[in-house]
Amino acid sequence: MSAARKSSSGASSRGARVLAARPASLTDAHTHYCPGCGHGIVHKLVAEALDTLGIRERTIGIAPVGCAVLAYNYFRCDVTEAAHGRAAAVATGLKRCLPDRIIFSYQGDGDLAAIGMAETIHAANRGEHITVVFVNNAVYGMTGGQMAPTSLIGQKTLTCPDGRDVSTMGPPIRMCELINTLASPWYIERVALDGPIGVRRARRALLTAFQSQVEGKGYSFVEILSPCPVCLRLTPGDGLKFVHDQMIPAFPVQVFRKEGKPL
Amino acid sequence: MSAVLGHVSRRRHHDHATKGVTLDQRVLITGNDAVGAGAIRAGCDAYFGYPITPQNELTAYMAKHMPETGRVFIQSESEVAAINMVFGAAAAGKRAMTSSSSPGISLKQEGISFLAGTELPAVIVNVQRGGPGLGNIAPAQGDYFQATKGGGHGDYHMPVLAPDSVQEMHDLTMDAFDLADRYRSPVMVLADGRLGQMMEPCAPSIRQCKPPPPKPWALTGANGREPQCIRSLFLEEGVLEQHNLRLQEKFRRITAAEVRFEERATRDAEVLLVAYGTCARIAKGVVARARAEGLRVGLLRPISLWPFPTDILAALARRVRGILVVEMSAGQMLEDVRLAVNGLTPVSFEGRMGGGVPEEQTIFNSLSDLLKPPRVARTRSRR
Chain L
1 MSAARKSSSG
11 ASSRGARVLA
21 ARPASLTDAH
31 THYCPGCGHG
41 IVHKLVAEAL
51 DTLGIRERTI
61 GIAPVGCAVL
71 AYNYFRCDVT
81 EAAHGRAAAV
91 ATGLKRCLPD
101 RIIFSYQGDG
111 DLAAIGMAET
121 IHAANRGEHI
131 TVVFVNNAVY
141 GMTGGQMAPT
151 SLIGQKTLTC
161 PDGRDVSTMG
171 PPIRMCELIN
181 TLASPWYIER
191 VALDGPIGVR
201 RARRALLTAF
211 QSQVEGKGYS
221 FVEILSPCPV
231 CLRLTPGDGL
241 KFVHDQMIPA
251 FPVQVFRKEG
261 KPL
Chain G
1001 MSAVLGHVSR
1011 RRHHDHATKG
1021 VTLDQRVLIT
1031 GNDAVGAGAI
1041 RAGCDAYFGY
1051 PITPQNELTA
1061 YMAKHMPETG
1071 RVFIQSESEV
1081 AAINMVFGAA
1091 AAGKRAMTSS
1101 SSPGISLKQE
1111 GISFLAGTEL
1121 PAVIVNVQRG
1131 GPGLGNIAPA
1141 QGDYFQATKG
1151 GGHGDYHMPV
1161 LAPDSVQEMH
1171 DLTMDAFDLA
1181 DRYRSPVMVL
1191 ADGRLGQMME
1201 PCAPSIRQCK
1211 PPPPKPWALT
1221 GANGREPQCI
1231 RSLFLEEGVL
1241 EQHNLRLQEK
1251 FRRITAAEVR
1261 FEERATRDAE
1271 VLLVAYGTCA
1281 RIAKGVVARA
1291 RAEGLRVGLL
1301 RPISLWPFPT
1311 DILAALARRV
1321 RGILVVEMSA
1331 GQMLEDVRLA
1341 VNGLTPVSFE
1351 GRMGGGVPEE
1361 QTIFNSLSDL
1371 LKPPRVARTR
1381 SRR
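As they're listed, the protein sequences go chains L and G. For the first sequence, our numbering assigns the number 1 to the initial residue and increments by one for each residue that follows. For the second sequence, our numbering assigns the number 1001 to the initial residue and increments by one for each residue that follows.
Honestly, the hints are just simulated from the structure, not real lab data. It is possible that part of the hints are untrue.
[Said to hold, decoys possible] Covered by chain G, per the in silico footprint, the following chain L stretches (three or more residues, Cβ under 8 Å):
(1) 50-59
(2) 74-80
(3) 89-96
Note that the structure is predicted; figures quoted are calculated from it, not measured. Virtual Cβ for every residue (Gly too), placed ideally from N, Cα, C.
Generate the whole structure from the sequences, applying the supplied hints.
Have a look at this one:
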């Protein structure tokens, strides 16, 4: 079905070695994401994890409200929409009813850390056997660049045009640290798409998270610091720099919880 | 006075659950427990709820009995989470249910709109209490508009069933699961605190539920088939309108096939009472007393509030001298009655709010006014 797989099989029949191909868990659709956006990379990494573990045909994803709502056009697995912020509750309903399926939610910072905070925390606290892919780009992307719960101190957005003021808007919320206060989660890691090394770490983190679920270990949470150059009014290159220079100092990149134990 | 339960289109007798039931098959339970028993009998796979009075017995019932049979029970962190857990369970192809009372049902409205938009079957039980706001915990019928007119955003309806006894709390909950699956729609059971809290004999063992139909649309993993998605977002030009037109066509099918009502002593009635739920119970007492006094009074009890029994009401309106609507609200169903009657006969109203329950005597007095011989209109001979 996918052009990538057709071409790769064609290539191998001619004896050529395939160095890189689209993961089987991605469709060959062109994404609607902006130049320099991190979603395309995260989609690919999630799809690679599904491929590596051979779980595409028993995986159900939950698309958020936000730029990634159309994720079902790109993932070659079953996907449902969810109301804004409620992906963790929808994931809970799916996983409890289909415990042998792999359930992941794919959420942005507004969806997960603002409107969906209660569902996020309680699903983690119940230790739901789901994988949460949290794409943190410090801004509301789909709606054009409003302040997110993870916007940085002083960061200018449409709704904090003079910069985020801690005295009235509070500091950015660190979700990994917050979830790490709970006893139930099995695996929590924050990674950053700030360059090739960050992408490789993100790939490893997502694989670990899905692997945990496959093994029936429990709740896994991967936060991915990701560029949104259009809403940050940056070039794609400067978007990567923003992630590296601005976001990482505010959101430390590390493993917080491994095999159920805080590190 | 024989009670006729039936459809508007096909005047068939409802298979009344207690018929042929021996006394030892009946148990004395609350309406809330009866809903739980009906849901489990109907094959409810997953229940999600959040505490709120006056429906707490139902959540406690499910907490005890769902895990006993290996089914899913979660006390959610909010009513919002509960309806979205229902969404997930329904997307998985399972029979799912949540229950709450008025303020909690308000919180579920976005989720109900999503269920309607994505065409996912689910059962929502509203054991109504007094409002607006936090209101009180007494029985009320102030959520009729919310239940029957859409409630959440967008153009949609859902079937709404209104029990008037503990037996019907049980039976209509079972029917709600069948309707939900048949039409891929959320379905609401609209009760009130009195029906939820009171105890009556109930025969839970007599009814059988149909097995759920196959659900090829369910998300179970794309094993041996193409991936599927559950969605209500349609950005392409004209596609959402087509989706809406298809939904409206479904609503027309439901309207044509699923109207339910009970008629009591309507054949020769001069005055017709229209009431549902708790108010219908009181109205039945009024009818009995009126008939004992030789007054020709009948009752139409809508059982499906949406679709509303418009046709039978219009037919009855041609025969009676007046209609009295009784509700525990400021007059919400009253608007549907007036639309159905369309000026054919006078429609008056008797209602109380905030936990007040209309009394038999008050209703009887209003009826007597309607039954008085018509006054001769005074001619205006002089200016």
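Hint check:
no.	hint	in the structure
1	50-59	holds (count 4)
2	74-80	holds (count 6)
3	89-96	holds (count 8)
Of the hints listed earlier, there is not a single one the structure fails to meet.
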